[in-house]
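K.L.:
The residues making up each chain are set out below.
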Amino acid sequence: MRKLLKTHESYIAVILIVFSLIVGIINPKFFSIGNLFGLLKSTVVTGIFALGVLLVLISGEIDISFPAIGVVSMYITGTVFEAIDFSGPTILAFLFSGGIGVLLGLINAAVISTFRLPTLIVSLGTLSAYSGFVLTFIDTRIINRLSEPVVVYSKLAFFRRTMESGQIAELHFSFFVYLALAALTALILRYTIIGRGVYALGGDRQATKRAGFSIKKIEYFIYCYVGLLAGLAGIIHSAHVRNANPFDLVGGELNVIAATVLGGAIIGGGRGTVHGTLLGVMLITVINNSLILMGIPSYWQRFTTGFVLLIAVAIPQIGSVKSIRTPRRVRS
Amino acid sequence: MKKLGFVAIILSLLVTFAYAGGTDDSHTDSYTIATVVKIDGIAWFDRMRVGVEEYGEENGYDTFLLGPSQADAAEQVRIIEDLIAEGVDAICVVPFSVEAVEPVLARAREEGIVVVSHEASTQENADAIIEAFDNAAYGEFLMENLAQRMGGTGTYATFVGSLQSKSHNEWVDAAVAYQEANYPDMELVQNKIEEFDDFQIAYEKTLELLTAYPELDGIQGSAMTTAPGAGLAVEERGLQDKVSVVGTSLVSVSEQYLESGATDMIAFWDPAMAGRAMNEIAVRILNGESIDNGANLGVTGYKSIIQDAAKPNLYYGSAWVGVTKDNMNQYNF
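Each protein sequence line maps, in turn, to chains A and B.
For what it's worth, the working numbering labels the leading residue of the first sequence as 6, then goes sequentially.
For what it's worth, the working numbering labels the leading residue of the second sequence as 77, then goes sequentially.
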């Protein structure tokens, strides 16, 4: 029990609860079912991206190309499915977008692994290369008429009810997709050899090699999996906003990395958990979407966001300074 | 073969002379007027081309539109240099960067070419600058439409793309002042919510707004993304008939929300009319006419243009277009 209280994740959970209570006391409407459903839906796209970022951070690297992978996968899917007037099952759109994501992740992995370059540098290049590719070779037009199956998905929601105010509240299906992907990622990290290899790689590259892991295999796995998640996040984002915009998503990478770090992943590698990431994403989403509820004027909102984030990052550090200074161990 | 080419040249010359002569009754010259835009091939400037070409056909001038194939300031400068070498009579320009085209426009004017610019109120080297509208007047137009849909009573909120965006802030400031003066029963509950020209943020902020103010009656947007983003949130909460959403946007972006009734009215300015207005001003200057305050350019939205008090070569139209579900089919951009 004492050990549980000391983990970074429990600090973030406490901050999330305390912050939510503060917002709820200032404005009880925060706890209305419509608001909570809205917040859960808002975590989905950031959250799926963050699961990918988590893997890369654990392995001791930083990847910033994932929003470009997301936008390329989503926009090509949008363009192709519009052209063929697609009317098959929605899952095909997801597989198609995810597949393009895997391909682009494969390119990242090949460059990183073959030339043994830092991921940050490689992804800096592929970020502009991928998004530039779309604008140059595909189109610059925003697609506002998505194919029918994607439109159907965009309206797929559960627990529909009418609130006291007469407004409709519903929880979008995407949230369950997000939970499933989070569970899958957690299982891989915890119970598979390759998942343990990701932690090992972030802990000590040489030791990982000597322990018999294939570094190449681990790296290919990481970046293809990140590509898959980014491709899925892209198509889900597209369905949520009901358009495919080639200028979308890119620029949001730091927000996602911040959420992941907030959730306890360490930039140096070797540490980070899926449940921590879920909490980090939730916390960032709540902070970004509660300022109007608290009645904070627009001019103060940026300041408040930054200030609350600083506190959220600082508090767990106070408690865990000691554990960070001790030599890094492979943990989950 | 060679002979045939020679005949063709002679013939085309004859046709050109005949053509020039044919328009002599109303004008002394058939001017060649080029309109240079930021980027060629996008819906906005395709629409402007329609206006420019129709204007030329109707009035017997050689008018055409061109621009770089990619958004590139240097490329735009090169196109203007080519036009100076060709010796056109006038250049109308929608600059990609106002500063970047200053030197080349100065050179054009030295060569005796008339320069008219648009979306460039700070341009130094231009004979005339024509803007679609004055920012304050446009803000009042949006508010008037919102107030009418709200029946002049209830609560509303405003959005801007960013607090640093000069035009958005001017629109909203004028709108709020107009509401205070004309619709005292309306109440502003949240002013200038930032949405960073991001559809997703506009959507999320509207959801939050609807939670915080369940009685909300109206939303006024500034950026292209607010009207559809807020529309999506309003639609999801089932409030199409209660909450009025107005804002700047384009039909191509907001179509589905206008159809569902979630977004009530969008406003923009028609680039075809801006193209016509620029060319008309160029012709008047070429003819040596002066353009005074209140002048009628004979173009919708520019029938009584306002001359800026501080900068006499700067003119404003009142060329905004309000589009609802009923007339959205007339605009394909």
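There's no promise every hint is true.
To be verified - Not everything, but these chain A residues come out facing chain B in the computed CB check (under 10 angstroms):
{"hint": "1", "residue": "S37"}
{"hint": "2", "residue": "I112"}
{"hint": "3", "residue": "R150"}
{"hint": "4", "residue": "K160"}
{"hint": "5", "residue": "E175"}
{"hint": "6", "residue": "H242"}
{"hint": "7", "residue": "G257"}
{"hint": "8", "residue": "T290"}
{"hint": "9", "residue": "N294"}
{"hint": "10", "residue": "M299"}
{"hint": "11", "residue": "R307"}
To be verified - Label pairs and their calculated CB-CB ranges:
{"hint": "12", "chain 1": "A", "residue 1": "P123", "chain 2": "B", "residue 2": "E256", "range": "32 to 40 angstroms"}
{"hint": "13", "chain 1": "A", "residue 1": "A185", "chain 2": "B", "residue 2": "A149", "range": "26 to 34 angstroms"}
{"hint": "14", "chain 1": "B", "residue 1": "A386", "chain 2": "A", "residue 2": "P123", "range": "51 to 59 angstroms"}
{"hint": "15", "chain 1": "B", "residue 1": "R185", "chain 2": "A", "residue 2": "I143", "range": "36 to 44 angstroms"}
{"hint": "16", "chain 1": "B", "residue 1": "R183", "chain 2": "A", "residue 2": "I143", "range": "35 to 43 angstroms"}
Don't read these hints as lab results, they were simulated from the structure.
C-beta atoms are modelled at their ideal positions from N, C-alpha and C, and glycine is treated no differently.
K.L.:
Each hint: holds or not?
P.N.:
Okay, the hints, checked on the actual structure:
no., hint, in the structure
1, S37, "holds, 6 angstroms"
2, I112, "violated, 24 angstroms"
3, R150, "holds, 8 angstroms"
4, K160, "holds, 9 angstroms"
5, E175, "holds, 7 angstroms"
6, H242, "holds, 7 angstroms"
7, G257, "holds, 9 angstroms"
8, T290, "holds, 9 angstroms"
9, N294, "holds, 5 angstroms"
10, M299, "holds, 9 angstroms"
11, R307, "holds, 8 angstroms"
12, A:P123 <-> B:E256: 32 to 40 angstroms, "violated, 57 angstroms"
13, A:A185 <-> B:A149: 26 to 34 angstroms, "violated, 48 angstroms"
14, B:A386 <-> A:P123: 51 to 59 angstroms, "holds, 54 angstroms"
15, B:R185 <-> A:I143: 36 to 44 angstroms, "holds, 41 angstroms"
16, B:R183 <-> A:I143: 35 to 43 angstroms, "holds, 38 angstroms"
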